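Engineer: Sequence:
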Amino acid sequence: VFPEWELDKQILLQAVHPALEIDSYVDSPPLDTDVDTTKEIISKFNKITYFKGASIFRMLKEVIAGYDCFRGGLENFLTSYSYRTTEAQGMWNLISAKVNLKGGLLPKGKVLKEVLLNWEKYPGYPLLEVTRDGYKTITVHQKMSSSGGQTAI
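Using the numbering used here, the letters of the sequence shown correspond one by one to residues 33 to 185.
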């Protein structure tokens, strides 16, 4: 509605960076947990839910699916599940269908749920360390951000 606000850039500072900080702690709660009571449901409305959830959606839109696949999958999800309850799997299935149809960037042989499982169920995120040896060689190492209850940022 207001392109001059550049909300796509603001999300980095207001959601992604805080999500990375909060999620880098070993005791950070997962996004996807079973809840049985109203109190448990209310407790899920916290910073990690909003910030990490927004960050995952941004990653889906920007990296994996692209705007059209992401929007189309969400529209299908909202239409299919309007006025009903569902689980995350319903949304991932419909976004996956759009990604597969339009040739998104999922690794060959992977479904969206598999790619997002670690982001949903566990704290932390992968850190890539890149070192350059001269002009021709780079080495990439991956490790998890969480360690010993301390932030890795």
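Source of the hints: derived by calculation from the structure; they are not laboratory data.
Quick caveat, the model's predicted, so the values are computed rather than measured.
Do not rely on the hints blindly, as some may be mistaken.
Claimed, not checked - Pairs of lysine-lysine, DSSO-like flavour, derived with a Cα cap of 30 Å:
hint	residue 1	residue 2
1	Lys-71	Lys-134
2	Lys-134	Lys-145
3	Lys-175	Lys-142
Engineer: Flag every earlier hint the structure violates by its number, smallest first.
Structural biologist: 1
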